[in-house]
Amino acid sequence: MIEAEGLAKRFGTVAAVSGVSLRALDGRITGLLGPNGAGKSTTLRILYTVLRPDSGDALIDGISVTRDALAARRHMGVLPSGAGLYPNLTARENVLYFGALHGLARADRRSRTAELIQLLEMEDFADRPARGFSQGQRIKTALARALIHRPRNILLDEPTNGLDVMAVRSLRSLLQKLRAEGHCILFSSHVMQEIGALCDDVVVIAQGRVVAQGRPEELRERARTESLEEAFVRLVGAAALEAEGVSR
Amino acid sequence: MGGAEGTGTGARSAIWRVFSKEFLENLRDRRTLISALIFGPLLGPLLLTSALSLTFRGAGAQSDRPLRLTVAHPEHAPELMAYLRQYGVRIRGVDEDQAAARRELAAHRSELVLLVPADFGSRLQAGRPSPLLLFADESNTESARGVQRIAAIIGQYGTAIARLRLIARGLDPLLTVPIVLQPIDISTPAGRSALALGTLSYLVLLTMLMGGMYLAIDATAGERERGSLEPLLTLPVRREHLIQGKILAACAYMTLSLVLTVTAFAVALRLVGLERFGMSVDFSPRVGAQIALACLPLVPAGAALMTLVAAFTRSYREAQTYVALVLLIPTLPLAFAAALGLQPRAALMAIPSLGQHFLILSLIRMQPLPASYVALSVCSTLALGAVLVFIAGRLYRREALLG
Chain D
1 MIEAEGLAKR FGTVAAVSGV SLRALDGRIT GLLGPNGAGK STTLRILYTV LRPDSGDALI
61 DGISVTRDAL AARRHMGVLP SGAGLYPNLT ARENVLYFGA LHGLARADRR SRTAELIQLL
121 EMEDFADRPA RGFSQGQRIK TALARALIHR PRNILLDEPT NGLDVMAVRS LRSLLQKLRA
181 EGHCILFSSH VMQEIGALCD DVVVIAQGRV VAQGRPEELR ERARTESLEE AFVRLVGAAA
241 LEAEGVSR
Chain R
1001 MGGAEGTGTG ARSAIWRVFS KEFLENLRDR RTLISALIFG PLLGPLLLTS ALSLTFRGAG
1061 AQSDRPLRLT VAHPEHAPEL MAYLRQYGVR IRGVDEDQAA ARRELAAHRS ELVLLVPADF
1121 GSRLQAGRPS PLLLFADESN TESARGVQRI AAIIGQYGTA IARLRLIARG LDPLLTVPIV
1181 LQPIDISTPA GRSALALGTL SYLVLLTMLM GGMYLAIDAT AGERERGSLE PLLTLPVRRE
1241 HLIQGKILAA CAYMTLSLVL TVTAFAVALR LVGLERFGMS VDFSPRVGAQ IALACLPLVP
1301 AGAALMTLVA AFTRSYREAQ TYVALVLLIP TLPLAFAAAL GLQPRAALMA IPSLGQHFLI
1361 LSLIRMQPLP ASYVALSVCS TLALGAVLVF IAGRLYRREA LLG
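As given, the protein sequences belong to chains D and R, one line each in that order. Counting from 1, position 164 in the first sequence corresponds to residue 164 in the working numbering; the numbering is continuous, with no gaps. Counting from 1, position 49 in the second sequence corresponds to residue 1049 in the working numbering; the numbering is continuous, with no gaps.
FYI, nobody ran anything at the bench for these hints, they're computed from the structure. Hints may be right or wrong, so weigh each one.
To give an idea of the interface, some chain D residues facing chain R are shown, with a C-beta separation under 8 angstroms as derived from the structure [stated by the list, open to error]:
#: 1; residue: V50
#: 2; residue: R74
#: 3; residue: P80
#: 4; residue: A100
#: 5; residue: A238
Predicted, not measured: the structure shown is a model, and the values here were computed from it. C-beta atoms are modelled at their ideal positions from N, C-alpha and C, and glycine is treated no differently.
Put together the whole structure using the sequences plus the hints.
Shown next as structure tokens:
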């Protein structure tokens, strides 16, 4: 479970995130939805402990990301945007390296890697150097790498970026499988259909603040509209107007 | 391991795992491999030995080569011409004035032009100083050497005439030689070699640093540019340990490069055979091993410095530029030492890279330095390495790292 309370982060004079609170529950897929530059990545980066919040805190399975980042990281599997691999290592070696740094015993990380290669259907390219992988192959490898230590919480930053339809579908079914196993999944996206198709809960973020949080149906009701997209536009639009009012 | 960090992967095993991955991955990278283990170690010895043998060939061949001299109006001094020919000077007679002589040189038709004035013979007979004009472009080393040789021969000729005059007047020619200065060269063959091999330590240290350069860049700036840094930072490993593993991998490549370079030097110098030039270079495997050992303390400092610089550049390209500049820093003290003719002193031994330079020279010269000097150099260099590793660890904790 992921619980964030009042996260704030400034870069110079720019407030990237100001007071984000959210909850992502086990056995559910939570979507972090927002326009570009809304603060989705910053929020995730604070949650996966690459950035420290200026104020606020988040708990990963009850462990504070500010007070015990290392312990919190053990409970998270992370797929940052970009998902860079080591080009001279094979997909398998890329995954094994992360297993080693998680402190898994050799036999354990080998069997777990083999398991993930099967789960993610990576057999074709598992033993090829990552140099020259397609975007789909890269994401799969990065995902296997993120899951090597069987984390309960999985954070993904725009995981479907650059994927073709087939790859998106297989990612979607994988996330559903992980949900069924009781994982807590938090992923960001600016693509409405993705959120609608996949998420149990949605956190809408705009201008560095959470403007709405709930199940997709609830959001539609709140915005008094039938389509999630319309709801999103209204919620984000209202936040933008409000922010303008504040600045005036 | 303890306290809030208690759940992290053990420091030593984390550093070791980062190290072995970086080591393995770069072993598969052709660029790293070529620069660290092939190009660098071979280039230095090749440069030095070819420069050495060219220099010696040039110096050795020079005195045997017949000297070509263009003489304007040789008919004014037939005896001098005969004297010059005795010394192997090849004379080409022309009929020119001063302006023509200058043109002759400018057009590179001749290197040396001697102009004999029409009154040369008559002045000589009258016992008055007889000028001769020697034209040459002395900015050209070949011509400058020619001028020296001609001057020496003509000087001898002049002295011979002077002695004959004194004898003709019943005086002892030795009266004109009140003092005889005899320079005695006490440099040993090994010492002379050390002079010529002064660049050796420079090349060894530079190659050693270059050995770790690509790895240092790839493991930091490269890692960020590929987008693999951020996932790495989400692992339960302290950032200091990540960068320490990377520095350690750069150290390993530098050490490999160092050993290969010293070996290549040993082989190359043996092949060139400096003994032929009256130099004895003791580059036995034992001395080679000692030279490698002398350089070793500089490895951590160099690796940490390059990693540090590469980690805080914005891109791979920028990292290449800055690290290449950083490579020059350890070679600066060497340049100063050479320019100022510095000799080993305690204070100088404590300067990293300069200390190593003196150690290498002392090994080649077979003039051991006091143990305290060696200890001072090793300790101060290792201390600098430790400080740089510490700084790298502190800076790697900053958020700006992600760029």
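Taking the hints in turn, this is what the structure says about them:
1. V50: holds (5 angstroms)
2. R74: holds (5 angstroms)
3. P80: holds (4 angstroms)
4. A100: Status holds, d = 5 angstroms.
5. A238: violated (32 angstroms)
Violation of the numbered hints given earlier is confined to hint 5; every other hint is satisfied by the structure.
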